[in-house]
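Protein chains: 2
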Amino acid sequence: MTAPDFVPDPRLSADTVHLGDLALSRVLLMDDARFPWLILVPRREGVSEITDLDEADAQALWQEIRLATGVMRDLAKPDKINVAALGNVVAQLHVHVVGRFRSDPAWPGPVWGFGTRSPYPLHARAQLAERAGALFAAA
Amino acid sequence: MTAPDFVPDPRLSADTVHLGDLALSRVLLMDDARFPWLILVPRREGVSEITDLDEADAQALWQEIRLATGVMRDLAKPDKINVAALGNVVAQLHVHVVGRFRSDPAWPGPVWGFGTRSPYPLHARAQLAERAGALFAAA
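Here the protein sequences come in this chain order: R and G. All residue numbers for the first sequence refer to our numbering, where the first residue is 322 and numbers rise by one. All residue numbers for the second sequence refer to our numbering, where the first residue is 322 and numbers rise by one.
Just so you know, not all the hints are guaranteed correct.
One copy or two, either will do: identical chains are not told apart, so a pair holds if it fits within one copy or between any two.
As the list claims (entries may be wrong) - Below, simulated EDC-like cross-link-like pairs (lysine to aspartate or glutamate); rule was C-alpha separation at most 20 angstroms, straight line: (1) K398 with E370; (2) K401 with D330; (3) K401 with D373; (4) K398 with D336; (5) K398 with D373; (6) K401 with D375; (7) K401 with D326; (8) K401 with E366; (9) K401 with E370; (10) K398 with E366.
FYI, nobody ran anything at the bench for these hints, they're computed from the structure. Please read all numbers here as calculations on a predicted model, not as lab measurements.
All chains, full assembly: derive it from the sequences and hints.
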């Protein structure tokens with residue numbers, strides 16, 4: 322079950338920055354300045370639905386989802402946090418934790434499939450990644 | 322924290338059928354024939370984010386999410402299951418468990434905000450509700 326050489330689906334890696342690894346999940350920051358957006362990817366092969374995880378991994382994922390939700394709250398102070406495991410495009414299990422604002426362009430609709438990704442300026446992305454990393458470390 | 326006279330947000334009740342209650346959550350069936358769609362509503366007042374639940378309730382919700390995901394798998398045999406706590410429109414914490422098919426009208430996009438709800442024929446809805454209830458009871 323462990324995957325020391327874990328590689329997330331290239332479509333997840335393509336648009337994200339690798340922030341670090343929790344006990345179970347890789348933590349990615351979506352490089353989209355429209356929405357503060359974290360993605361957790363359990364480092365397990367062949368897992369698509371949350372029910373595919375064994376009991377220990379399922380518990381770890383839930384703990385990490387709640388941790389990431391708290392980090393998002395402190396990082397962006399959003400009006401609402403959207404938590405979702407969808408996987409219609411990339412079947413590999415991954416969980417979105419997205420900070421939403423009443424003022425964001427997709428509100429109140431979902432972010433997935435909405436418009437076109439708008440990458441951060443590099444300096445802003447580095448700053449946000451550093452701040453998110455510090456919040457995970459302190460949580 | 323308990324709410325014996327729990328009433329879900331009227332916007333959740335309006336478009337759904339009440340299937341039953343689990344230890345923590347009310348289970349609703351979305352009356353939309355386009356997608357097999359369950360909604361879990363923890364019977365707690367004033368809860369909006371998953372981090373608003375205390376530890377015991379959070380564990381119960383996760384167990385019920387995984388239970389509902391298994392029920393959806395057996396009920397509809399979908400290609401993918403979408404699990405999401407959004408709450409942009411109705412802030413009261415609720416979790417969607419939606420069976421998705423490559424052939425459904427919104428695929429691969431999200432179901433929220435997509436097109437117009439298409440109620441089930443009454444006899445089909447009753448049959449689906451009965452089958453879902455039996456699967457929850459047997460789980």
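Against the structure, the hints come out as follows:
no.: 1; hint: K398 with E370; in the structure: between (29 angstroms within a copy, 13 angstroms between copies)
no.: 2; hint: K401 with D330; in the structure: between (28 angstroms within a copy, 17 angstroms between copies)
no.: 3; hint: K401 with D373; in the structure: between (28 angstroms within a copy, 12 angstroms between copies)
no.: 4; hint: K398 with D336; in the structure: neither (23 angstroms within a copy, 31 angstroms between copies)
no.: 5; hint: K398 with D373; in the structure: between (32 angstroms within a copy, 15 angstroms between copies)
no.: 6; hint: K401 with D375; in the structure: between (30 angstroms within a copy, 18 angstroms between copies)
no.: 7; hint: K401 with D326; in the structure: neither (35 angstroms within a copy, 26 angstroms between copies)
no.: 8; hint: K401 with E366; in the structure: between (31 angstroms within a copy, 17 angstroms between copies)
no.: 9; hint: K401 with E370; in the structure: between (24 angstroms within a copy, 8 angstroms between copies)
no.: 10; hint: K398 with E366; in the structure: neither (33 angstroms within a copy, 22 angstroms between copies)
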